[in-house]
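Peer 1: One letter stands for each residue in the lines below.
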Amino acid sequence: MTREEALEARYRQLLWAYPKRYRRERGAEIVGTLMEAAHANQQRPTAREVTTLAVRGLQTRAGTHGAPSADRGLRGALRLAVLLLLAYATAGPLVDSGHIIPRIIADRAVLYPVELVQPLVTVVVACAVVAVAAGRYVWGLLATLSALAFTLAVLQLALSYDTVTHDVIFPPFELTRDMAAEEPATWLLAFAALLILPLIRRPVRHTRRPALWLLGVPVCAVLLPTHWNVTGELQPGTMLAVIAGFLMWVAVDARATVAAGLLLIPLILLALSLNGLDQATWLWTLLIGTGTLVTTGAVGLHRQAQL
Amino acid sequence: MREQSYFALAALIDGPLHGYAIIKRAEELSGGRIRMAAGTLYAALDRLTAEQLLRVVEEKVVNGRARRYYDLTDEGVAALRAEADRMLQAARVVTERRAPRVRAVKPA
Chain A
1 MTREEALEAR YRQLLWAYPK RYRRERGAEI VGTLMEAAHA NQQRPTAREV TTLAVRGLQT
61 RAGTHGAPSA DRGLRGALRL AVLLLLAYAT AGPLVDSGHI IPRIIADRAV LYPVELVQPL
121 VTVVVACAVV AVAAGRYVWG LLATLSALAF TLAVLQLALS YDTVTHDVIF PPFELTRDMA
181 AEEPATWLLA FAALLILPLI RRPVRHTRRP ALWLLGVPVC AVLLPTHWNV TGELQPGTML
241 AVIAGFLMWV AVDARATVAA GLLLIPLILL ALSLNGLDQA TWLWTLLIGT GTLVTTGAVG
301 LHRQAQL
Chain B
1001 MREQSYFALA ALIDGPLHGY AIIKRAEELS GGRIRMAAGT LYAALDRLTA EQLLRVVEEK
1061 VVNGRARRYY DLTDEGVAAL RAEADRMLQA ARVVTERRAP RVRAVKPA
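Listed in order, the protein sequences are those of chains A and B.
Here my numbering is used: the first residue of the first sequence is 1, the next is one more, and so on.
Here my numbering is used: the first residue of the second sequence is 1001, the next is one more, and so on.
So that you can see chain A by itself, here it is in the shape it has in the complex (with noise of 0.2 Å):
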């Protein structure tokens, strides 16, 4: 293989970035250009040309390479940060329907007949998932809504049932309130089927696989705090590597980087429910976290849509 045709190999290489049709389509001219613009004696691409193709390759796949107008940007990142807050919201029940379903395998009995609305709000968040990634987003509305029904519907019923007698004695509403108040899934919840409003009103462009998007849920489960605490000897690592990741992806798609800052005002609502100042650190992190990515992400949104 000569010097040249090496080259060659190696360009075609680097367009792996690239979705596959843009590569059939353009793939060709593009490794032209770059091989009439290599020096005489270049044996391999530059770290300019590298990093170059990699960004606007996965530029391409995203979809952002063709400056989306600022307010279809902001809508795009409207309908990611609902994905990331359903998907967040999918891996807590997750969890807990992993406690709670090989338990009752085991014992043949269900010790408490409330946790079995666990697996039902897990399938229906993730319905809620689907729907919103499809484009249906009144039906995801609709399952975001019912999913949060059942949440506090679980509260309510664990506060009123007493396991030991069998009775059920409703407690005072303050009590269930400020549960409610100390349950994750109840701000993702509530704050996903805010930011759905505005996207039924003007919808934007849907994925071709929307199922793909429940594989954020285990993702999430691992990557994020949770209630159930499946993750804490993780946290705050993985948390301050995911708000690093995002900050780093605006570069590809700055709608991405805005949806990851409105994943993280749930958790600051959440940590000044649980008494937040008692964990100032935590909570410096999730504002600081919030407002660097949010802003970064509007920065990128306003580039992105320069032409």
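Quick caveat, the hints were computed from the structure, so don't treat them as lab data.
Quantities reported herein were computed from a predicted structural model and do not represent experimental measurements.
Wrong hints could be hidden among the right ones.
[As the list claims (entries may be wrong)] Below are the DSS-like pairs computed for lysine-lysine, each with C-alpha atoms no more than 30 Å apart in a straight line: (1) K20(A) <-> K1024(B); (2) K1060(B) <-> K1024(B); (3) K1060(B) <-> K20(A).
Use these hints to put chain B onto chain A, whose structure you have.
Peer 2: Just chain B, lined up with the frame of chain A:
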């Protein structure tokens, strides 16, 4: 309009060019300031084509390599002129103003 897009359009004022020729012409017109990487060029060409400011006028194979030749559309010429006028007006704010006088400071 981004500076790269402006010079990519300006490179085509004298007629259609292919990718590498656009990079070289833009570099020349900008006095060496704009040195577009191939990835950046094709992102700009995609944006400008989607906005119908550019169009592909010819496709051919030269020395075994695929080339596409791009040319300005009427909208592209208009957008380029509008951007040039905007920058000219902005420049006039400074260039048509008399240079501020330098005041001599008396020693105390």
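Peer 1: Against this structure, judge whether each hint is valid.
Peer 2: These are the hints, each one checked on the structure:
1. K20(A) <-> K1024(B): holds, 28 Å
2. K1060(B) <-> K1024(B): The given pair, whose Cα atoms are some 19 Å apart, holds under the 30 Å limit.
3. K1060(B) <-> K20(A): Holds, at about 22 Å.
Violated hints: none; the structure is consistent with every hint.
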